[in-house]
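Colleague: Take a look at the letters that make up each chain.
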Amino acid sequence: MSERPLLSVRGLTKRYGERTGCVDVGFDLWPGEVLGVVGESGSGKTTILHCLSGRTAATAGSATFVQRDGTVVDLLRMPEAARRRLARTDWAMVQQNPRDGLRMSVTAGANVGEPLMALGARHYGEIRGRALDWLGQVEIPLDRIDDLPATFSGGMQQRLQIARSLVTRPRMVFMDEPTGGLDVSVQARLLDLLRGLVADLGLAAIVVTHDLAVTRLLAHRLLVMRGGEIVESGLTDQILDDPQHPYSQLLVSSVLPP
Amino acid sequence: MSEQTVPLLRVRDLAKTFTLHTQGGVTLPVLRRVSLRVDAGECVALAGPSGSGKSTLLRAVYGNYKAKGGQILVRHRDRLVDMVSAGPREVLDVRRVSVGHVSQFLRVIPRVPAEEVVAEPLLALGVPRNQALERARALLARLKIPPRLWPLSPVTFSGGEQQRVNVARGFIGGHTILLLDEPTASLDAASRGVVVQLIREARERGAALLGTFHDADARAMVATRVVSLAEAEAA
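Keeping their order, the protein sequence lines are chains A and B. So the number in the working numbering is just where the residue sits in the first sequence, counting from 1, plus 81. So the number in the working numbering is just where the residue sits in the second sequence, counting from 1, plus 38.
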């Protein structure tokens, strides 16, 4: 077990005027750990990701992150330029809609190669080689490397987005409803793929989802959110099989078993 | 009980109540101050009518159910961990290294082959992939799962086949404490014999086993002691 968390969030609060995004959210994320965040729409799940990734400014709180060199930064308070640099090297975001995470006007290969070029890779053959390797890992036929993502199915687009996110070997990944818009059959394949990648690469990840089955497969620990607050947190299977808070019980009992 | 024996698992005054908030806040007290110990080399069978809390006890020991009170001390990496108060990361470490669980049903994941399902606990311990898969196949063969099924997901397997995959997954990790929830249910005599043998081997290597065995024959073959939940509850 590693001795200190990669990310420590304390007192994270986001208010949109009168409306509340999230209140006093606190948790630790350890290297190699997948944290699931569940709750109904509007419970503040996505707000957490937006604050951590710098898409929205938090109202209060801190999010200390241990960088590769061991130094610590507060993600909520770092200068924009430094945050952008960190976003290229240390973390990645997988969006619910792959079109938000891909560049639709360039080829699949370019989508995977671009993040490498942003980090300074210049050798074309090498970049293409890495892109091919990643297309293989996310099970996209290699002869589609020069096609535009628009010609891909939804599931393939989502897998391409995952390749684009992970090609730079980030240490932390934020996923917002990664299986959201996909057919059930495609979801299973994607989940299996994500499960393998997260384990093989030792990634720390925060997965926001309203699908409890997804958390059972992917997440070590869960946060249950309601009205912007964490109402229960703990081991995934313990929360799903023996939820304590009335809201967690409602959430778990509302799912129709297949 | 001799004094040299080491309790690997000790349950003290364990209480478990379910509060059903979605059903008017009904409370169901299932375990009231249960105490028991399991030493190295023992296989303790829990007895009691269905609904008496045998599976609940096993799940509480595994950290799957949250106990209301008492202690569940398990020996883990040369110390004692209380599963009632341990944090999630510690519970996961205990499960990886020290406490294994054979549940009543296999939770199948689409697309993950049977041999991978079985090898997973070894991979989690850092055993190289090839070795882990080799040992998984050997155990599946012992449990009479035909090789043509090894690369397939157990989704389409029969109940008995799924149960044998489950047993293989539970026994492969060499855990020092094994929780067995009806490991011989839905198995034919030959497969049941293999499970009985696996339990004996685990005892011989010094593991502590706690389980429920609905089937009286199987229980007689494996249990070194039978504890009824009613007796284990403090008066």
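You may find that some hints are simply not true.
As the list claims (entries may be wrong) - Derived lysine to any residue pairs resembling SDA-like cross-links, with alpha carbons at most 25 Å apart:
id, chain 1, residue 1, chain 2, residue 2
1, B, LYS106, B, ASP120
2, B, LYS104, A, GLU258
3, B, LYS106, B, GLY79
4, B, LYS106, A, VAL333
5, B, LYS104, A, GLN177
6, B, LYS104, A, ARG209
7, B, LYS104, B, GLN61
8, B, LYS104, B, VAL165
9, B, LYS104, A, SER134
10, B, LYS106, B, PRO151
11, B, LYS104, A, GLY315
12, B, LYS106, B, SER141
13, B, LYS106, A, GLU313
14, B, LYS106, A, LEU274
15, B, LYS104, A, MET198
16, B, LYS104, A, ILE208
17, B, LYS106, A, ALA138
18, B, LYS106, A, TYR205
Claimed, not checked - Which chain B residues stay away from chain A? Per the calculated CB distances, all over 12 Å, these:
id, residue
19, GLN61
20, GLY108
21, PHE195
Claimed, not checked - Here's a subset of chain A near chain B, in silico, CB distances under 7 Å, partners left out:
id, residue
22, SER134
23, GLU313
24, GLY315
25, LEU316
Just so you know, these hints were derived from the structure itself, not from any lab. Remember, predicted model here, so these are calculated numbers, not experimental data. The beta-carbon is built from N, C-alpha and C at its ideal position, and this holds for glycine as well.
Colleague: Would you check the hint for LYS106 of chain B and SER141 of chain B, treating anything up to 25 Å between C-alpha atoms as holding?
Modeller: holds, 22 Å
Colleague: Does the alpha-carbon distance linking LYS104 of chain B and VAL165 of chain B stay inside the 25 Å limit?
Modeller: violated, 31 Å
Colleague: Hey, does the GLU313 of chain A contact hint survive, CB to chain B under 7 Å?
Modeller: violated, 10 Å
Colleague: Quick one, are LYS104 of chain B and ILE208 of chain A close enough, alpha carbons at most 25 Å?
Modeller: Since the Cα atoms of LYS104 of chain B and ILE208 of chain A sit roughly 50 Å apart, the hinted pair is violated (cutoff 25 Å).
Colleague: Take a quick look at whether LYS106 of chain B and TYR205 of chain A sit within 25 Å of each other, Cα to Cα.
Modeller: Violated - the C-alpha atoms of TYR205 of chain A and LYS106 of chain B are around 61 Å apart, more than 25 Å.
Colleague: For the pair supplied as a hint, LYS106 of chain B and ALA138 of chain A, is the alpha-carbon distance within the 25 Å limit?
Modeller: Given pair LYS106 of chain B, ALA138 of chain A is violated - Cα atoms ~40 Å apart, limit 25 Å.
Colleague: Check the hint pairing LYS106 of chain B with PRO151 of chain B against an upper bound of 25 Å on the C-alpha distance.
Modeller: violated, 38 Å
Colleague: Can we keep the SER134 of chain A interface hint, with Cβ of chain B closer than 7 Å?
Modeller: violated, 24 Å
Colleague: Checking one constraint from the list: CA of LYS104 of chain B to CA of MET198 of chain A, max 25 Å. Satisfied?
Modeller: Status violated; Cα separation ~49 Å.
Colleague: Does GLU258 of chain A lie within 25 Å of LYS104 of chain B when you go C-alpha to C-alpha?
Modeller: violated, 28 Å
Colleague: Is the straight-line distance between the alpha-carbon of LYS104 of chain B and that of GLY315 of chain A 25 Å or less?
Modeller: It holds: about 10 Å lies between the C-alpha atoms, which stays within 25 Å.
Colleague: Checking one constraint from the list: CA of LYS104 of chain B to CA of GLN61 of chain B, max 25 Å. Satisfied?
Modeller: Distance of about 19 Å is within 25 Å: holds.
Violated hints for the displayed structure, listed by number in ascending order: 2, 3, 5, 6, 8, 9, 10, 14, 15, 16, 17, 18, 19, 22 and 23.
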